[in-house]
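Visitor: Starting from the given sequences, assemble the full structure and let the hints guide the process.
Below are the chains, spelled out letter by letter.
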Amino acid sequence: MKTLITDDMRALLGVVMAEETSYPIAASDIRRWALAVYYPEIPPPQFWDEEHPATIALGGLVAPDEFNPLAWITQDPGPDRGRRRSGAGAPRSGAFELALGVDPPEYRAVLQGEIRARYGEGPMRPGDVIRSATSITEYSEREGRMGLQLYTTISEVLTNQRDEWVKTVDTVFVRY
Amino acid sequence: MADLDLGTITEGRELPTFEREGTLLHWARYAAVNPVHIVGHHLDDEVARYEGFDRAFIMAPLEHAYAHAMLRNWMGARGRVSSLDIRLRRPLLRGRTLTAGGTVTSVQRESDRVVVGIDIWERDDLGELLAPGRAEVVVPLDGAG
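These protein sequence lines are chains A and B, in that order.
The first sequence finishes on residue 175 if you use numbering that gives the first Met the number 0, and the numbering steps up by one all the way, no holes.
The second sequence finishes on residue 144 if you use numbering that gives the first Met the number 0, and the numbering steps up by one all the way, no holes.
There may be inaccurate statements among the hints.
Said to hold, decoys possible - A short, non-exhaustive set of chain A residues, derived as facing chain B with CB atoms under 10 Å:
1) V36
2) Y38
3) P42
4) E120
5) Q160
What the hints contain is simulated information worked out from the structure, not anything from laboratory work.
Computed from a predicted structure; not experimentally measured.
Ideal placement from N, C-alpha and C gives every residue a C-beta, glycine not left out.
Guide: Here's what the structure looks like:
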């Protein structure tokens with residue numbers, strides 16, 4: 000039976016493939032994120048208005064659960080990460096296995112097929128420093144209209160500077 | 000935004016919907032704050048067609064964010080999302096409009112909070128189901144949390 004999943008790929012399951020640490024979250028990071036998600040409406044005040052009663056009741060500005068504090072430059076790794084991810088010679092999008100030295104299978108496109116998010120009790124706030132650890136946690140495959148499709152679950156676990164769990168996001172990518 | 004009336008949380012309750020147009024104006028803003036999604040198939044119809052789609056399409060995490068926004072609009076600032084899963088059956092194509100909604104499926108009243116299970120969905124303006132899903136939210140009782 001044809002398969003895209005090699006023994007080298009199976010050996011990667013559960014191995015941390017990337018660790019990142021954010022710079023302290025800035026209030027403007029949260030404001031910009033909320034404005035982008037809610038465009039063209041004004042976002043809820045707890046994401047931008049420090050003086051609003053709803054914000055005060057929450058103890059200050061909070062970030063939306065889905066906020067990504069690692070979206071742009073990170074404290075660790077440093078700024079060369081951006082060049083590696085998007086500049087000349089950067090790995091192709093979806094070539095997850097390359098981070099652990101394994102060649103990915105051939106594919107024409109990569110899409111996200113499922114997102115599963117679990118959140119801790121405390122929201123991210125300005126000043127928080129967030130660490131992430133990312134690993135491949137599952138492979139599966141099935142035939143689709145574009146041929147054999149490889150499903151790859153990437154799990155990202157985020158914690159804050161107090162080692163409190165912030166969230167876990169499992170994203171199932173489809174390569175075909 | 001008014002606080003949610005906890006007495007109105009009952010199984011079968013339909014949540015207010017959240018609607019957004021699928022345009023490059025929306026998606027460029029999201030790409031600007033989450034640049035790993037500056038990818039051809041979100042911005043260029045030709046790239047999307049090469050990958051098997053009729054037109055450029057929305058970023059999956061933005062669809063996920065819209066489901067969060069729908070829940071937040073309903074439950075207010077004091078509620079929090081504890082989990083939110085969506086399966087992306089088909090993407091919102093450029094030019095279509097997304098509507099997100101949900102139905103309460105379980106209500107667990109505890110001493111200091113209410114835990115609510117919700118079936119969520121996202122459809123386009125042609126009625127196509129884009130993304131079914133499940134969420135759990137926690138709303139503190141008055142004076143708690």
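Visitor: Hint by hint, note whether the structure agrees.
Guide: Here's how the hints hold up against the structure:
1. For A:V36, the shortest C-beta to C-beta distance to chain B is roughly 5 Å, which falls under 10 Å, so the interface hint holds.
2. Interface restraint check: A:Y38 against chain B, minimum CB-CB distance 5 Å, threshold 10 Å, status holds.
3. Against a cut-off of 10 Å between C-beta atoms, the interface hint on A:P42 holds, since the closest Cβ of chain B lies about 8 Å away.
4. Below 10 Å, beta-carbon pairs count as interface contacts, and A:E120 has one with chain B at about 7 Å; its hint therefore holds.
5. Here the hint on A:Q160 is broken, as its CB sits about 20 Å from the closest CB of chain B, past 10 Å.
Taken one by one, the earlier hints fail for this structure only at number 5.
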